[in-house]
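**Q** If you want the building blocks of each chain, they are given just below.
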Amino acid sequence: MDSDAEPILEIEGLTKVYPGGLKALDDIGLTIRKGEIFALLGPNGAGKTTLIGAVCGLVRPSAGTIRAFGYDMHDDWRKARARIGLVPQELSTDMFEPVHRAVSYSRGLFGLPPDKTRIEEVLRSLSLWDKRNERIMALSGGMKRRVLIAKALAHEPDLLFLDEPTAGVDVELRREMWKQIDTMRARGVTIILTTHYIEEAEEMADRVGIIRNGKILMVDEKEAMMARLGRTEALIDLTEPLAELPPAMTRFPVTLGKDGMQICYRGGDGTGKGKAEVADLTKALVSCGIDYTGIDIHESSLEDIFVDLVGERA
Amino acid sequence: MGFNFRGAWSIYTREVMRALRTAFQSILSPVLTTSLYFIVFGAAIGGRMPAMDGVEYAAFIIPGLLMLTLLGETTSNASFGIYMPRFTGTIYELLSAPVGVAETLVGFVGAAATKSLILAAIILTTATLFVDYSIAHPFYAVLYIMLVAASFSLFGFILGVWADSFEKLGIIPLLILTPLTFLGGTFYSIDMLPAPWDKIALANPIVYLVNGLRWTFYGSSDVSIGVSLGLTCGFLALCICVIAYIFKTGWRLRT
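Heads up: the sequence lines are chains A and B, in that order. Following the working numbering, the numbering of the first sequence begins with 1 at its first residue and continues without gaps. Following the working numbering, the numbering of the second sequence begins with 1 at its first residue and continues without gaps.
The set of hints was computed from the structure by calculation and includes no laboratory data. Any given hint could turn out to be false.
[As the list claims (entries may be wrong)] Listing some non-contacts, in silico: residues in chain B with all C-beta distances to chain A over 10 angstroms:
1. 26
2. 92
3. 139
4. 202
5. 227
6. 237
[What the hints assert, rightly or not] Stretch-level coverage of chain B by chain A, calculated; a stretch enters the list once three of its residues show a Cβ under 8 angstroms from a Cβ in chain A:
7. 48-54
8. 76-90
9. 142-150
Note that the structure is a prediction, hence the values are computed from the model and not measured. For every residue, glycine included, the Cβ atom is placed at its ideal position computed from N, Cα and C.
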């Protein structure tokens with residue numbers, strides 16, 4: 001992802017205080033670049049959906065500015081909204097409508113003329129073409145979610161919000177949806193997604209933002225975040241217990257545990273440096289005449305980093 | 001980007017399609033109910049009633065029965081039209097689209113008003129099966145029906161935004177509009193009421209609506225057509241102001 005790409009969404013000082021005093025968003029500042037996939041991660045109640053709602057017009061901000069495509073969302077909301085699509089978290093759609101009519105309605109709502117070719121293209125890309133004449137209520141949960149995506153894509157948005165796009169869908173369908181999202185990105189659509197599946201962000205996102213209690217804790221390139229905060233952990237089970245670590249081991253970030261029966265390595269930086277160090281460590285053990293029965297090595301995932309940062313699961 | 005015509009048209013056509021999807025409930029049911037009124041009050045009882053201001057009783061009640069159906073159905077249709085997206089969560093699509101108060105009103109209120117006009121046409125046609133009647137000012141009758149349909153569509157829209165349960169959605173049409181319409185001169189002239197009820201009846205706003213429509217039918221009514229028209233227009237303006245406030249503040253629509 002080109003870090004110099006033009007900003008497509010600029011949020012400054014965005015604050016939302018609900019009646020009763022709950023501060024759902026607290027002075028949020030965020031810039032989204034054209035063509036990227038941005039994953040917004042946070043525990044329940046962190047403010048993810050409120051942030052999306054504020055940009056899309058569902059939530060009235062208490063303070064701050066939002067500019068999309070250079071348009072102020074307060075003053076030029078029509079121009080800005082015309083280029084934004086939203087897939088909500090809940091399966092909210094008129095369940096009695098046939099699929100094709102629901103998708104065509106969405107296109108018209110955004111001021112575009114009917115376009116059967118475009119609707120067919122969208123439905124085919126989401127494997128919904130065969131279901132086009134079926135009522136939405138007759139579809140499975142995963143298919144209903146696809147209908148919501150189709151509705152959001154019907155007006156060819158340049159910026160798409162996906163609020164928990166794969167919540168409640170099975171693994172196979174989730175992977176298929178990831179492909180769809182990748183296809184959208186290839187078409188130049190900028191995507192902002194929230195997800196409970198950190199694996200999803202790890203798989204697809206260019207950049208990751210972590211939000212908690214309405215505040216953005218961190219925004220960074222996914223790779224940079226992994227490199228900066230990632231760790232390698234290796235547990236080496238020894239044949240014989242050690243009273244203390246030999247001097248040759250002190251250059252490694254290791255500790256002795258389990259009554260001297262296990263050496264624990266915690267180091268590296270998420271770039272693979274840790275694995276190389278563990279290899280050196282095992283060589284050093286052999287050269288010191290220390291035998292071992294097994295090695296359990298684990299590279300920290302984005303989820304581990306997330307848990308370390310916010311202290312709870314997404 | 002100014003007024004989003006296609007957006008408004010999309011809402012309008014979708015709402016009309018919804019009515020067609022539920023044609024039995026939204027069109028046939030009120031027509032059947034009104035026909036029963038014609039049979040019972042027009043044919044059965046009406047034959048024993050004296051003429052009212054020179055108008056046969058069965059014909060006299062047509063404007064009142066039309067108003068009874070119009071007010072109830074228009075309010076219910078419009079309130080249901082906006083309440084359901086709020087209830088099911090599909091309102092997100094409307095709020096995140098480039099449509100504002102004008103498009104929303106043209107779409108939802110226009111569709112509710114259209115349904116009411118279709119309903120009125122069917123009821124008036126059905127009435128010819130039971131009663132021989134003619135309309136003195138057909139042009140004004142159509143205009144007045146349109147004005148009432150638009151006003152109560154707006155009122156229904158407000159009701160649909162205000163209601164946070166199905167019970168509240170039904171309270172106003174069932175417990176307020178219907179009784180007021182029955183007491184508003186649907187089946188009688190308020191001149192027939194003994195004092196002081198004939199004066200108290202004038203506090204009922206529906207009296208002016210029923211009599212306004214009755215004037216367009218038969219050229220005479222209990223109250224001045226000017227007062228009826230003025231009150232209806234005032235009610236329309238009030239509803240528009242309330243809806244403008246709703247959209248400006250996002251009351252019950254945006255969090």
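**Q** Now tell me, hint by hint, if it's right for this structure.
**A** To see whether the hints hold, each was checked on the structure:
no.: 1; hint: 26; result: holds, 14 angstroms
no.: 2; hint: 92; result: violated, 5 angstroms
no.: 3; hint: 139; result: holds, 34 angstroms
no.: 4; hint: 202; result: holds, 42 angstroms
no.: 5; hint: 227; result: holds, 41 angstroms
no.: 6; hint: 237; result: holds, 26 angstroms
no.: 7; hint: 48-54; result: violated (count 0)
no.: 8; hint: 76-90; result: holds (count 3)
no.: 9; hint: 142-150; result: violated (count 0)
Hints 2, 7, 9 from the earlier list are contradicted by this structure; the remaining hints agree with it.
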